[in-house]
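Undergrad: Each protein sequence line maps, in turn, to chains V and P.
Going by full-length UniProt numbering, the first residue of the first sequence is number 1, and it counts up by one from there.
Going by full-length UniProt numbering, the first residue of the second sequence is number 1, and it counts up by one from there.
These are calculated hints, taken from the structure and not from any lab test.
Certain hints may be false.
Said to hold, decoys possible - To give an idea of the interface, some chain P residues facing chain V are shown, with a C-beta separation under 10 Å as derived from the structure:
(1) I72
(2) P336
(3) L389
(4) R394
(5) A540
Said to hold, decoys possible - Some chain P residues flagged as far from chain V (calculated, every beta-carbon gap over 10 Å):
(6) P166
(7) V219
(8) Y278
(9) E459
Note that this is a predicted model, so its numbers are computed, not measured.
A virtual CB, placed ideally from N, CA and C, is assigned to each residue, including glycine.
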Amino acid sequence: MELTRRDAVSALTALGASVAVAGCSDAAPTAQQPDRDADVDADVDADTELRETMVAAAEVVYPDEVTGIDTFVNTFLDSRLAGDRHAASVADAVAAVNDRAKSWYDDRFAALDADTRDSVLREMGADTAEPHRDGSTAEEVRYYVVNELLLALYSSPTGGELVGIENPQGHAGGTDSYQRGPPT
Amino acid sequence: MSGRPPAEDIETSAGATDRTPVADADVCIVGAGPAGALVADRLADAGHEVVVLEAGPRFDFDDRLARQEKAIRPTYSRPEVWDSDPERDAHGNSGPWFYPLNHARARGVGGSTLHWQGMVMRLHEGDFNSKSERGVGTDWPIDYADLRPYYAAAEQELGVAGGDNPFAPPREEPRPMPAFPPSYSDSLFADACDELGIAMHPVPNARNSEVYDGRSQCVGYGTCQPVCPSGAKYDGTVHIESAEEKGATVIDRAAVQRLAHDADRITAATYATPDGEYRQEADAFVLAAGGVEIPRLLLLSESEQYPEGLANSSGAVGRFFMDHLFAGMGGTLDEPTRQNHVGFLTSESHQFYDDADAEFAPFKLEFFNYAGPSPVEMALTGDDWGNDLLDRLRDGYGTHIAMGGLVEQLPREDSYIGLDESTTDNHGNPVPDVHWNVGDRALRTIERANEIQRSILDELGVDIEWTAGPDSTGPAYHHMGTTRMGDDPADSVVDAECRTHDLDNCWIASSSVFPTGGAMNPTLTIAALALRVADAVDAAV
Ligand SMILES: Cc1cc2nc3c(=O)[nH]c(=O)nc-3n(C[C@H](O)[C@H](O)[C@H](O)COP(=O)(O)OP(=O)(O)OC[C@H]3O[C@@H](n4cnc5c(N)ncnc54)[C@H](O)[C@@H]3O)c2cc1C
Ligand code: SF4
Chain V
1 MELTRRDAVS ALTALGASVA VAGCSDAAPT AQQPDRDADV DADVDADTEL
51 RETMVAAAEV VYPDEVTGID TFVNTFLDSR LAGDRHAASV ADAVAAVNDR
101 AKSWYDDRFA ALDADTRDSV LREMGADTAE PHRDGSTAEE VRYYVVNELL
151 LALYSSPTGG ELVGIENPQG HAGGTDSYQR GPPT
Chain P
1 MSGRPPAEDI ETSAGATDRT PVADADVCIV GAGPAGALVA DRLADAGHEV
51 VVLEAGPRFD FDDRLARQEK AIRPTYSRPE VWDSDPERDA HGNSGPWFYP
101 LNHARARGVG GSTLHWQGMV MRLHEGDFNS KSERGVGTDW PIDYADLRPY
151 YAAAEQELGV AGGDNPFAPP REEPRPMPAF PPSYSDSLFA DACDELGIAM
201 HPVPNARNSE VYDGRSQCVG YGTCQPVCPS GAKYDGTVHI ESAEEKGATV
251 IDRAAVQRLA HDADRITAAT YATPDGEYRQ EADAFVLAAG GVEIPRLLLL
301 SESEQYPEGL ANSSGAVGRF FMDHLFAGMG GTLDEPTRQN HVGFLTSESH
351 QFYDDADAEF APFKLEFFNY AGPSPVEMAL TGDDWGNDLL DRLRDGYGTH
401 IAMGGLVEQL PREDSYIGLD ESTTDNHGNP VPDVHWNVGD RALRTIERAN
451 EIQRSILDEL GVDIEWTAGP DSTGPAYHHM GTTRMGDDPA DSVVDAECRT
501 HDLDNCWIAS SSVFPTGGAM NPTLTIAALA LRVADAVDAA V
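Kindly produce the complete structure, drawing on both the sequences and the hints.
TA: Structural data, given as structure tokens:
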């Protein structure tokens, strides 16, 4: 199932307190592109590495049926990396994943094949760890990498549809779908 | 604002820039939940100098989407969604029944309605006359007819979407917005209920089914409880903002510590802020700090004149603590049930409500739209990902179905809010002790509600997997009875106008004044009483 920008950016979130919205999923997404300042090469590299690592992790934690992951994850990250605290924590968790990949498999996480990437995450304990913001490396990877990506997918319409709910919790999908019966 | 701003990046909002007292205040209101907000708005509109003191912070509306992440991710507890502070909000629990107080309230401008579900029903006529009509409990000193115009006004203020209910008390005009249409899952219940002769009707919601009062219509985020990012669900911030536009002053992080008084008047509220402690004087005081903190503040304000606590000549302050009890049942069907698209209910039944007598309490039945797990929340727990996770989600989501219901509990002397002297809060005050106790009538009624729920689910062909019965029930988070209303100063705290018997210039706007609770969620009645209190204060100052 194809992930679209609509999945990554809840168009309705732009609504202010006084704005009425009828057709919620048609409005244009408004995500900002990150400010890629050519002078700050190191930052660009860090940002690129973070994004490619998150996309590579998404390819592991998302089911095979999902396509369009690159754009989806990048658009989602635009809204997640705009501030300071969360962005720094995601960067730390991503760095930990890359460190493991490099020391055990001699390459950056994104350069490994999918099975090896899956192994890296499991060998780090991110599968069984509780998600914690301020915990062990495994717990932080679970929170900032694995659950971050799963939150993005399963609160989006496409992620919901995979499970049979086109308006999943967290998505402003309007008030029609709850009235509708299952697709025939 | 776009995408999903991270919960972690929420900044504590600065709130008020000046927390010093307001000179020449006519009215000081303690608490900025819906009750305090409505009183403030009405009185500011009438031209009074109004100041509202709120213990918690002011939350930024634009952060609600980020707070929604806290509601979905398992890492955050429910109280964390609205920044509950373990020291500020500490409490005791000495009663035979455990009470999770900080799941049952939110603290800050908007109060617990930041977190609430938003079902808003009028009490039935019999609820006001429990003793004379049902032979148990006590009668209110006012009737449904006294509150009827205020109920209508409250429905306008909150913005209520609702439709016909053949069992509800008489009303003069429709609710301001059309009801939300029934859900697909309601239609599954409808066949079974038809077969059993049980009528379903719409749930009145303080939630916009269309644009109302400049606020968005519901857009289907599905996280109403504990946070509505669109503002379609009413909360107390609506009337706080309106009151401020009319000139009221609202001071956040202003926790009232004591009510200074002489024999028959409150003279000042002393309050602690991050900038120091202040003293707010006013001609009239309205206590709107909720059914736990109002009795606590009165007990803390004891004096030589009132050694058992302020306004407590009757000894009833803190006594008769009541909540509604939950009765529920659910399981799975062998077909899709389409749950968790929205976070509110569309159908209920009051058919059995007025059968109440001494033996059985009034109760209402609810048809759930959010039975079973939400896929995104399931996805964030477990040891799997990829295809295995998707398989688990497909297995776990889709066929759940459930019913709920609320049951009245009677007022009892041994169910009360006291002071827990062994623990102090962030200001060094003894914390509230929730000593909750429930009697047999409520427990019998839960069984009765369960029987009806079972008959409906059996008729539907549900494989029943869980029951919230007498042994596993819990509270609905409605804090009632702790400053009860009555004509006799010997056994009640406030009179029929919600003014304390002991103090001439002190009114209470809260479900704490309810002598009995009925089985309806309380906030519409709180709002109606708050508007009535505003009229009384307006006439008095
Ligand atoms: C999860 C949940 C779901 C609910 N669902 C429903 C529902 O569907 N329908 C319904 O009718 N009701 C519902 N309720 C109950 C509803 O939220 C309350 O009835 C309502 O908010 C009470 O309004 P209030 O203004 O009296 O008190 P509150 O909303 O509790 O506000 C009191 C305010 O006073 C402040 N305060 C306390 N002490 C002090 C002090 N010493 N100094 C200054 N300020 C102080 C508090 O910080 C708080 O902000 C629900 C509640 C919860 C928690
Ligand atoms: S379902 Fe409606 S009321 Fe509930 S959170 Fe979403 S927009 Fe708000």
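Undergrad: Looking at the structure, which of the earlier hints fail to hold?
TA: 5 and 7
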